[in-house]
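A.B. asks: Sequence:
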Amino acid sequence: MSGEVQTLQRISASQIARMLGKPAPTDEQAAVIESPLGPSAIIAGAGSGKTETMAGRVVWLVINRLVDPDKVLGLTFTRKAAGELAERIRERLAAASRALVDVDEQHRLAMLHAEPTVLTYDSYARRIVSEHGLRAGIEPGVTTADQSALWLIADRVVGASSQALDEIGLARPSVVNHVVDLSDELAAHLRSIDELAAELARVRGHLESIESGSGKSISASAWKSLGGITTAEKLIPVLRDFEQAKAERDVMSFGDTMREAHRLVSRFGDIARVERERYDVVLLDEYQDTSAAQADFLRALFRGHPITAVGDPCQAIYGFRGASADTLPAYRREFGDGELVDVSRLQTSFRNDRVILDLANVASEPLRSGGAEVAQLAPGPLAEAGTLEVSWCETIEDECDAVVADIAALHAQGRTSSETIAVLCRSRSYEYRNIIEGLRDAGVPVEVVGLGGLLTTPEIVDLTNMLRVLSDPEASVALVQLLSSARWKIGPRDLMALRKHARTLRHPSQRGGERASDDPIDPDEVDETNIIDALDAIERAPRAAFSEEGHRRLVAFAAELRSLRDAMGESLADLVSLVERRMSLDVETTVRDLRRGLAPRATLDQFIAIASEFSSGSGSDSLTAFLAYVDTAIEVDRGLVVEGVEPREGAVQVLTAHSAKGLEWDRVYLPGLAVDRFPAQVRPSAGWLGGRSQIPYELRGDFGVLPENPLFEVEVPSKVSAAMTAFKEPVRERHLLEERRLFYVAVTRARHVLWLSGSKWTEGKKARQPADFLLEARALLESSGGSVRVWAEPPAGDETNPLSDDPLRRLWPVAVPDAAREAMASAEEAVREQAESGSEPDAALGEHRWSVATDLLIAERQRRQRSPVLDVALPERLSASQLVALAGNPQELALDLRRPVPRGLARAADRGTLFHSWVEHRFGTDSLIDIDELPGFADEDLSLQIDIDDLIHAFERSEWASRMPLETETGFDFVIDGVPLRGRLDAVFAWEGEDADFDVIDWKTGRKPSGDALVAAEVQLAVYRIAWSRLKGVPVDRVRAGFHYVADNYTHRPARLLDESEIISLITDLPTPVGD
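Just so we're aligned, residue 1 is where the sequence shown starts under UniProt numbering, counting upward by one.
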């Protein structure tokens, strides 16, 4: 295509911006947009507008006819980022098609209907495997398993190998994590288990040779410190069993899929040729986060091709997932077909104010001086001075109190409703938990992001404790926490009486009396006589040993526990929902959330959704497996973050710094900036040699920039420990650079205000030192004439920890805020006085709005328990299939929304998915598909007995086989009367008649329904028709829509479809339920 435009004058990026009514690009952006076709790299600093620049690059190439609009491939890491980039490109091209003059109609229509392919890196690898896998013996039915499914497979493998557990000497969940992590690391670096075993044997062989050569042994402590060798060797058989189990189940991890895609393109050279012909230009987003496998896969496909990698070495913070800060430099060396790839820089930040950018540049200076190609950020034209607050507090409590007080003051001024605010922590440590508690106590709305944060909320703590008691008959710790919670308030006296009752059950001879001595209880005896057994037999306990109220509550709790055990056969999501209701958490959290201005019961619904996703992903309803998975996921911070998180006004969001990447807020608080807190300690301190979940550095794709194994330089056993100690220093230096990059990411999340703090004293006898990051911020602040808020003096020689002198006090067993406890005590006293006097309730109390709300909620809950009627609010965003369900069976939709039941991947549903994928590939397009938009998901009559081959043959005989669609798998997301609707169009063809222009066709792999079911299904077509008219800006009456039933070779087009007003009525005029 480029040959035909040599004589044409190209339109500049600035001209295009004016034509589209967009701000003119900066000089550096224009240079990137207008750069020649060929391999290139862009170092894009934080907030530098890289997405806009990438979209501008595509639009400039298309307008100037250097590439075809449908031959653009964009790859990124998240569905959200992919959707944003694709939508931005589509919008710009559609606008350009209307604004351009003197352009031929064919080119104008190509831009108007352009559909660039924008996928995640994993999705693109899956497409390669699905298209070419059979050539290497990979069956089409192989699926990509999510983390929960992989964890459960590994758990079953480990559980079946008791010998391995005994030899490894670790708890079962820890071994499961090591197996999954090692498997992921091997895949991320294109290595096999055999290669791992060989490298471990090579290291051990050298160590044993120096033992035999010297006649002396390496010390036991030195061998113990080499966990990366000794433990990994014992994990090898379990790893092999894990790989075999995945193969038997026809599943792959994301890493496995990438590795297989790389093998395919390496083995079959024509795959690269096909992909190069399919795409004129390739854009790689967030390239610094790619693994060695992803980089090698892309290099095999597109080396020397017009490909652009966009990234920022300063934001390479995912080394633990196989990424490397050397990825972008390696790209420049390896993608240029023998030449060093040119690099451009985007250094103007349109996000941050000046003082924040100054600190970001200070933080990145050590990276630049170390040779990293890092952008030095400059302020944008609208940047203001900004605010930097720096504090080094005396104690960690002072630090948390200061953060809470500052945010509470903003909340009192109404600022939390008009500004976005976040608290970013290095980990879910003391600061994280206490700031959350402090904000809640101060009445500030808080949104805790992520599974780890979710489990810190009081209601989820109680819920998971009850689940543990139901799952494990020896979960005594969870039981004590429940009994001493705010709901049951069982005091120390009654807990001790329960323990004595447990001992009596074990030793009946002691019934009625105490032990003969005051010796402590034997630990083995405690294990055998847990208090859960005692609670089950509470009616047999001596009443005199308990308080009257305590015994009553224990009996009630035991009855509740027995009733919940009867429901253990329910699905996981249903069981969690039942426990929630029995504990009255639904009413409690609704009242609390309404008072705080938050969405009612959001945390409970999030937890139920996680349970449902675990069941669906793993194919298991095992409560024990789910709890173990949740525990280990939190421990290693696997990033099980609630999807759809966006910075928002109205609540302070609390999350980890890793989770904040890609987001931005008006104000950011960054506590915990102390040595060994942030930056965190390096663990394990000896890198892979001391770890259990890392492969040897020699097997990693970035081995050239990693510390070399020092053991091969050791010649005598006595020097092994010294070599390990020396190895720790380069490991530590590398770790500190990654922590610096994480600090840079956290700093650049703040638009206008950045708060940095740390504290001298926390637990322990040794005072902490301020982090270099905090010292650099202080120096920057003072150099510009500012001053710190507070700065604690260095510890004197005899200074002791004030937290030890004045230990933290908590009311036990009920940990509630002082103000709340006082209010509860006053309320109890008022109720008691009223009951004793026999008077009517206080009218003022009855009129209080929260009292009224609580009464209404309790009454509503009681009504629901008596009635089969269930009121369920529609979600804020509806899919087309949900509208069909609303029209056809609103009761079933309500139940599905309120209590999601995992859907098994039945063979028929899998057949529908395979067919949709085949049609998409047949027409030569691929696009991004969300899980809830899975093709074939809404097909009727999935019990139809027909194979995928029969469907393909039937399609090839249909009228559609010889026609080429204008678009396939086109996503839409629009609003009708304030209700967002989303979905995906299977295919859109040109209408051949005069009465319309477009024909939207939805492929159906089941049988045609009839009667009311067909009428309800036609709602889907009505939505599709409106969606296409909105997407393309054409009148809705110029769009036709129909179902093509593939097996019957029949296309059904309704004579009439609902219009927009009728769809609004469908949503707003819900059917009136009929109860008993």
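What the hints contain is simulated information worked out from the structure, not anything from laboratory work.
Hints may be right or wrong, so weigh each one.
[As the list claims (entries may be wrong)] With a straight-line Cα cutoff of 16 Å, these simulated EDC-like cross-link-like pairs (lysine to aspartate or glutamate) come out:
#1 Lys765 - Glu1060
#2 Lys1008 - Glu1062
#3 Lys719 - Glu52
#4 Lys234 - Glu277
#5 Lys80 - Asp798
#6 Lys766 - Glu793
#7 Lys661 - Glu738
#8 Lys234 - Asp194
#9 Lys766 - Glu738
#10 Lys216 - Glu715
#11 Lys22 - Glu91
#12 Lys728 - Glu708
#13 Lys661 - Glu646
#14 Lys71 - Asp104
#15 Lys766 - Glu708
#16 Lys500 - Glu539
#17 Lys224 - Glu208
#18 Lys1032 - Glu91
#19 Lys766 - Glu394
#20 Lys765 - Glu738
#21 Lys1032 - Glu87
#22 Lys1032 - Glu1062
#23 Lys500 - Asp472
#24 Lys719 - Glu208
#25 Lys500 - Asp533
#26 Lys80 - Glu52
#27 Lys489 - Glu548
#28 Lys766 - Glu715
#29 Lys489 - Asp533
#30 Lys71 - Glu199
#31 Lys22 - Glu52
#32 Lys234 - Glu199
None of these values were measured; they are calculated from a predicted model.
A.B. asks: Just pull the numbers of the violated hints for me, sorted ascending.
C.D. replies: 1, 2, 3, 4, 5, 9, 14, 15, 20, 22, 23, 28, 29, 30
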